[in-house]
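Visitor: Residue numbers (the numbering used here), protein chains in the order written: chain A, 243 to 382; chain B, 243 to 382; chain C, 265 to 683; chain D, 265 to 683.
Accuracy of the hints is not assured; some may be wrong.
Dumping the calculated DSS-like pairs for lysine-lysine here, alpha-carbon to alpha-carbon at most 30 Å [claimed, not checked]: (1) A:LYS261 x A:LYS292; (2) B:LYS292 x B:LYS261; (3) D:LYS531 x C:LYS439; (4) C:LYS531 x D:LYS531; (5) C:LYS531 x B:LYS261.
Just so you know, the hints here were simulated from the structure itself, not pulled from any lab data.
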Amino acid sequence: MDNLYRDFILEHYREPHNKGVLEPHDLHFADSNPTCGDEMSMTLQLDDAKQRVVDVAFDGRGCAISQASASILTDELRGMSLDELRAMDPGDVVENLGVPIGPARLKCALLSYKVLQGAVIGAEARWPDEADVLAGGSAP
Amino acid sequence: MDNLYRDFILEHYREPHNKGVLEPHDLHFADSNPTCGDEMSMTLQLDDAKQRVVDVAFDGRGCAISQASASILTDELRGMSLDELRAMDPGDVVENLGVPIGPARLKCALLSYKVLQGAVIGAEARWPDEADVLAGGSAP
Amino acid sequence: MAVEQLRRDVFDGSALRADFPVFDRPHRSGLPLAFLDSAASAPKPRSVIEAVADAYGHHYANVHRGIYELSEDATARFEGARRAVARFIGAPSDREIVFVRNATEAINLVAFSWGRTNVGAGDLILSTQMEHHANLVPWQQLATETGARLEYVAITDDGRLDLDDLRARLAQRPKLLAVGHVSNALGTINPIEEVSRLAHDAGALVVLDAAQSVPHMPVDVTRLGVDFLALSGHKMLGPSGIGALWGRRELLEAMPPFMTGGSMISKVTLEGTTWAEVPLKFEAGTPAIAEAAGLHAAIDYLEGIGMDAVRAHERFLFEQARDALAALPGVRLLGPESADEHAAVLSFVIDGVHPHDVATVFDHHGVAVRAGHHCAQPVMARYDLPATTRASLYVYNDLDDVERLVSAIRATQTLFGTA
Amino acid sequence: MAVEQLRRDVFDGSALRADFPVFDRPHRSGLPLAFLDSAASAPKPRSVIEAVADAYGHHYANVHRGIYELSEDATARFEGARRAVARFIGAPSDREIVFVRNATEAINLVAFSWGRTNVGAGDLILSTQMEHHANLVPWQQLATETGARLEYVAITDDGRLDLDDLRARLAQRPKLLAVGHVSNALGTINPIEEVSRLAHDAGALVVLDAAQSVPHMPVDVTRLGVDFLALSGHKMLGPSGIGALWGRRELLEAMPPFMTGGSMISKVTLEGTTWAEVPLKFEAGTPAIAEAAGLHAAIDYLEGIGMDAVRAHERFLFEQARDALAALPGVRLLGPESADEHAAVLSFVIDGVHPHDVATVFDHHGVAVRAGHHCAQPVMARYDLPATTRASLYVYNDLDDVERLVSAIRATQTLFGTA
Ligand SMILES: Cc1ncc(COP(=O)(O)O)c(C=O)c1O
Ligand SMILES: Cc1ncc(COP(=O)(O)O)c(C=O)c1O
Numbered sequence: 243m244d245n246l247y248r249d250f251i252l253e254h255y256r257e258p259h260n261k262g263v264l265e266p267h268d269l270h271f272a273d274s275n276p277t278c279g280d281e282m283s284m285t286l287q288l289d290d291a292k293q294r295v296v297d298v299a300f301d302g303r304g305c306a307i308s309q310a311s312a313s314i315l316t317d318e319l320r321g322m323s324l325d326e327l328r329a330m331d332p333g334d335v336v337e338n339l340g341v342p343i344g345p346a347r348l349k350c351a352l353l354s355y356k357v358l359q360g361a362v363i364g365a366e367a368r369w370p371d372e373a374d375v376l377a378g379g380s381a382p
Numbered sequence: 243m244d245n246l247y248r249d250f251i252l253e254h255y256r257e258p259h260n261k262g263v264l265e266p267h268d269l270h271f272a273d274s275n276p277t278c279g280d281e282m283s284m285t286l287q288l289d290d291a292k293q294r295v296v297d298v299a300f301d302g303r304g305c306a307i308s309q310a311s312a313s314i315l316t317d318e319l320r321g322m323s324l325d326e327l328r329a330m331d332p333g334d335v336v337e338n339l340g341v342p343i344g345p346a347r348l349k350c351a352l353l354s355y356k357v358l359q360g361a362v363i364g365a366e367a368r369w370p371d372e373a374d375v376l377a378g379g380s381a382p
Numbered sequence: 265m266a267v268e269q270l271r272r273d274v275f276d277g278s279a280l281r282a283d284f285p286v287f288d289r290p291h292r293s294g295l296p297l298a299f300l301d302s303a304a305s306a307p308k309p310r311s312v313i314e315a316v317a318d319a320y321g322h323h324y325a326n327v328h329r330g331i332y333e334l335s336e337d338a339t340a341r342f343e344g345a346r347r348a349v350a351r352f353i354g355a356p357s358d359r360e361i362v363f364v365r366n367a368t369e370a371i372n373l374v375a376f377s378w379g380r381t382n383v384g385a386g387d388l389i390l391s392t393q394m395e396h397h398a399n400l401v402p403w404q405q406l407a408t409e410t411g412a413r414l415e416y417v418a419i420t421d422d423g424r425l426d427l428d429d430l431r432a433r434l435a436q437r438p439k440l441l442a443v444g445h446v447s448n449a450l451g452t453i454n455p456i457e458e459v460s461r462l463a464h465d466a467g468a469l470v471v472l473d474a475a476q477s478v479p480h481m482p483v484d485v486t487r488l489g490v491d492f493l494a495l496s497g498h499k500m501l502g503p504s505g506i507g508a509l510w511g512r513r514e515l516l517e518a519m520p521p522f523m524t525g526g527s528m529i530s531k532v533t534l535e536g537t538t539w540a541e542v543p544l545k546f547e548a549g550t551p552a553i554a555e556a557a558g559l560h561a562a563i564d565y566l567e568g569i570g571m572d573a574v575r576a577h578e579r580f581l582f583e584q585a586r587d588a589l590a591a592l593p594g595v596r597l598l599g600p601e602s603a604d605e606h607a608a609v610l611s612f613v614i615d616g617v618h619p620h621d622v623a624t625v626f627d628h629h630g631v632a633v634r635a636g637h638h639c640a641q642p643v644m645a646r647y648d649l650p651a652t653t654r655a656s657l658y659v660y661n662d663l664d665d666v667e668r669l670v671s672a673i674r675a676t677q678t679l680f681g682t683a
Numbered sequence: 265m266a267v268e269q270l271r272r273d274v275f276d277g278s279a280l281r282a283d284f285p286v287f288d289r290p291h292r293s294g295l296p297l298a299f300l301d302s303a304a305s306a307p308k309p310r311s312v313i314e315a316v317a318d319a320y321g322h323h324y325a326n327v328h329r330g331i332y333e334l335s336e337d338a339t340a341r342f343e344g345a346r347r348a349v350a351r352f353i354g355a356p357s358d359r360e361i362v363f364v365r366n367a368t369e370a371i372n373l374v375a376f377s378w379g380r381t382n383v384g385a386g387d388l389i390l391s392t393q394m395e396h397h398a399n400l401v402p403w404q405q406l407a408t409e410t411g412a413r414l415e416y417v418a419i420t421d422d423g424r425l426d427l428d429d430l431r432a433r434l435a436q437r438p439k440l441l442a443v444g445h446v447s448n449a450l451g452t453i454n455p456i457e458e459v460s461r462l463a464h465d466a467g468a469l470v471v472l473d474a475a476q477s478v479p480h481m482p483v484d485v486t487r488l489g490v491d492f493l494a495l496s497g498h499k500m501l502g503p504s505g506i507g508a509l510w511g512r513r514e515l516l517e518a519m520p521p522f523m524t525g526g527s528m529i530s531k532v533t534l535e536g537t538t539w540a541e542v543p544l545k546f547e548a549g550t551p552a553i554a555e556a557a558g559l560h561a562a563i564d565y566l567e568g569i570g571m572d573a574v575r576a577h578e579r580f581l582f583e584q585a586r587d588a589l590a591a592l593p594g595v596r597l598l599g600p601e602s603a604d605e606h607a608a609v610l611s612f613v614i615d616g617v618h619p620h621d622v623a624t625v626f627d628h629h630g631v632a633v634r635a636g637h638h639c640a641q642p643v644m645a646r647y648d649l650p651a652t653t654r655a656s657l658y659v660y661n662d663l664d665d666v667e668r669l670v671s672a673i674r675a676t677q678t679l680f681g682t683a
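With these hints in hand, go ahead and build the complete structure from the sequences.
Guide: In structure tokens form, the structure reads like this:
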């Protein structure tokens with residue numbers, strides 16, 4: 243646990259990066275963690291070619307894990323192309339958190355990824371297969 | 243088992259009493275054993291006051307127990323009043339068979355009673371509570 | 265009841281832990297397990313586990329249809345379990361007990377069978393803001409499919425049913441009131457005798473979700489005056505995969521079947537089918553046979569303690585836990601204050617820490633609690649909370665568990681720097 | 265396959281009996297139990313009973329929602345059982361496996377959810393004259409409620425599906441064909457690959473009732489080409505109270521839920537509800553948790569033998585029993601002659617003796633068989649029989665059991681004076 247709630251996680255929780263809503267925005271999606279109901283939304287601004295992320299913000303309340311995960315994930319997105327976002331591996335998102343995530347908290351760690359996928363590919367975005375992610379497998 | 247299939251049971255099975263259909267009749271009912279689907283019908287002729295049984299017959303195919311039970315039961319009915327039929331104790335019907343009836347064959351032994359009750363009180367007649375009958379309790 | 269008197273009724277929960285193998289399991293924290301999530305599902309005593317194993321090992325065959333020793337034996341035990349359930353909840357007849365998977369299926373059965381037959385466009389159905397999703401979503405579905413209206417009885421700031429609101433809504437003469445006996449999200453014990461009387465005066469039937477009451481207090485369907493009652497075996501020390509619906513016989517008899525198939529028919533032809541008598545009419549296919557034996561053993565275990573003693577024990581522990589939480593800064597307990605109206609289900613928030621994080625920190629202290637919306641999202645919305653942490657107590661808990669809860673809260677606050 | 269070759273695949277059923285505690289139970293006849301009613305429900309091996317007890321004793325908590333060690337453990341095991349079922353029937357994804365109570369519920373789920381959405385007035389649904397009530401009555405109900413037409417594919421005098429009749433009815437382009445893989449009343453193995461191809465060519469979906477095939481032979485949903493498949497755990501050495509529905513993912517995803525409540529929602533408000541992803545969308549409330557562990561153990565046990573070996577073993581015993589019955593005067597076996605088309609389910613009549621009496625006499629000889637309509641009254645009507653006696657074989661049976669069957673028939677005929 244002391245492994246899970248490392249100082250940088252608690253810092254991201256208390257002072258999340260990229261929190262809020264971008265207006266205007268090109269992409270927007272909101273979703274919730276079905277196991278707890280926590281909701282998160284994301285807004286993205288794209289470049290003129292509508293190909294790359296210029297700016298991003300997330301909003302919503304949630305636990306330290308989901309907030310830190312969103313804070314850390316959104317820090318990475320600027321400059322990435324939509325194709326790169328679509329190809330993102332949920333396992334990498336979890337790994338980038340830098341703390342050990344067990345099955346019970348996996349959806350918390352993946353909520354930001356799920357919302358991002360929703361913003362990029364729409365409502366058909368599915369939760370990644372948990373067993374695959376935990377086994378270090380690739381996207382669903 | 244040799245207790246169950248005593249000679250008189252097998253005789254009633256091979257040569258049932260009161261088998262057939264009475265025409266004309268005053269009362270008629272048909273029902274089936276829900277555990278096996280065996281069907282039985284009964285027809286009764288009443289006296290002019292429509293109070294007492296003058297004649298009775300049963301029909302249908304079934305196992306030795308249900309056939310012997312109907313054969314033995316119908317032998318008893320002539321001269322009985324409708325009130326007496328309604329007040330009949332299902333435990334007595336089983337006991338009158340004179341052989342030990344376990345739970346698995348109870349419905350076979352009670353089918354004739356159920357059909358008789360249907361003839362007298364109509365479709366609301368219910369199967370007696372098996373636990374009560376087995377415990378030697380009285381009517382449901 | 266004075267605390268003095270309560271203390272006399274109270275037994276030593278820790279002594280019962282020896283009956284529950286799960287407490288022998290080493291916890292990764294290295295600490296003994298403080299299990300405070302019985303409202304989600306309860307551990308099983310050895311007697312239940314052995315009853316299931318014995319049923320499978322020595323008394324197992326399909327029920328109701330076999331003409332051989334083993335099947336007669338299995339059938340007699342299955343029907344014996346039905347009688348035990350009937351007796352446990354004061355049902356007038358064991359024919360009024362329908363075995364189902366869980367309380368959820370029991371409520372769905374009523375919504376599909378009674379609901380689809382008796383509720384039409386424009387009719388009003390009442391549920392409450394306090395319900396578990398199991399006693400809310402099936403009624404939403406019924407309303408959507410039939411064009412009926414669905415309204416929710418309001419709850420007060422301290423988590424009680426708003427009886428004035430109930431009266432006002434009953435004045436519209438709803439067909440049905442679906443209400444929980446004990447709220448799993450707030451701990452509230454609802455005054456069901458009074459609620460039933462009001463509902464019946466208004467011509468409404470009462471469907472009682474008793475998933476959280478039957479395991480924890482004496483429940484008597486006749487005294488409560490309800491029309492249907494739903495329970496789950498797994499919350500009352502019994503097996504998973506079995507629960508029961510109780511319904512008044514004349515209601516059950518008038519209802520069409522829900523699921524169809526084997527065992528529930530009287531006669532099938534290619535042209536149509538007639539149904540078996542209740543309760544078989546509602547039990548399509550092979551039931552949870554060994555699980556019924558386990559449920560019977562769970563009832564025996566609870567009756568061995570006595571449901572009055574179970575309630576007194578939990579009431580005492582609740583009062584201790586409530587008072588201990590009240591003394592902690594930054595901690596807020598939901599639901600009514602009085603132990604008369606509050607079961608041993610403590611739903612609380614810690615300022616500045618999300619319940620998910622609370623539960624994870626607790627877990628590392630060997631304290632198992634639930635965090636989330638507790639399948640009662642409208643309750644969370646009512647109090648504008650994303651979620652709560654819930655500690656729920658049962659027969660094997662004791663004052664040590666209450667202390668473990670308090671220390672875990674303190675440790676969480678320290679870790680998150682909120683204390 | 266030549267008998268020579270079969271014999272080589274055959275294992276000694278009696279050796280497996282040591283794994284099944286029920287065979288230690290003294291029978292009232294004083295004789296060892298010849299259990300010939302596995303088609304109704306199968307005895308459980310010790311490994312299954314222990315897996316259930318271990319799940320209850322050491323790995324039990326509610327699944328999916330708990331943030332603590334025990335619940336994570338329970339959830340991982342529950343999902344592991346789902347993967348085992350998927351693998352066992354060749355499902356492309358474990359998300360296509362919905363846990364239900366039994367095959368009956370699996371079929372009802374399709375009839376309620378897919379059926380109520382996709383079948384309308386005037387549409388045609390096909391079932392067959394060979395079906396168990398579980399794969400017949402739900403379609404009657406669907407037809408009655410929607411105004412759809414229901415027709416039944418005919419069966420031949422020797423108990424096979426009449427494929428010409430199937431083709432003729434498919435020409436009317438039904439929406440759905442509900443068909444059994446193995447008939448529990450006749451023993452017939454239907455040619456499902458061909459049937460699916462014909463049905464799909466006609467634009468119909470195929471719902472396969474595999475309750476009697478999955479326990480006894482290799483089954484691969486992809487190879488069979490069906491769209492839905494129903495199975496029961498209790499018939500495949502697993503616990504009661506658990507079964508599974510498999511469905512093609514895109515079908516399941518497009519379907520509305522069946523029962524509603526906890527676990528199957530994404531978001532609930534007082535205004536309405538959105539659903540969880542499959543398979544959770546179809547699993548309302550607390551599932552049969554320990555029973556899933558038992559089902560997993562049953563699959564492990566069967567895979568330990570190998571499903572090809574199970575089939576070869578039963579095929580060999582069927583041929584021996586078929587030939588032995590053919591040599592008895594006054595005994596008539598139903599269903600196809602060839603072992604290619606006939607599972608180890610022997611449905612027969614003894615002239616002059618009602619099947620109920622047969623079963624009772626058999627019981628007193630320690631032989632457990634089923635007597636009745638086998639929840640397939642239309643099959644009985646088709647052959648103008650009130651009932652049949654059915655002996656069904658499984659892994660723990662051997663040639664001794666076949667001999668016990670033969671002697672019991674002889675004893676019955678002697679008692680009734682028909683031989
Ligand atoms: C062919 C067939 N289908 C369906 C069923 C129903 O199975 P269950 O009672 O487990 O739902 C059976 C069981 O008898 C069967 O033999
Ligand atoms: C109040 C209440 N009702 C219904 C249920 C549903 O019980 P089950 O999941 O056993 O169907 C629960 C269980 O969480 C509950 O707490």
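Visitor: All hints are to be evaluated individually against the structure, with a verdict given for each.
Guide: Going down the list of hints, with the structure as the test:
| no. | hint | verdict |
| --- | --- | --- |
| 1 | A:LYS261 x A:LYS292 | holds (22 Å) |
| 2 | B:LYS292 x B:LYS261 | holds (22 Å) |
| 3 | D:LYS531 x C:LYS439 | holds (27 Å) |
| 4 | C:LYS531 x D:LYS531 | violated (42 Å) |
| 5 | C:LYS531 x B:LYS261 | holds (23 Å) |
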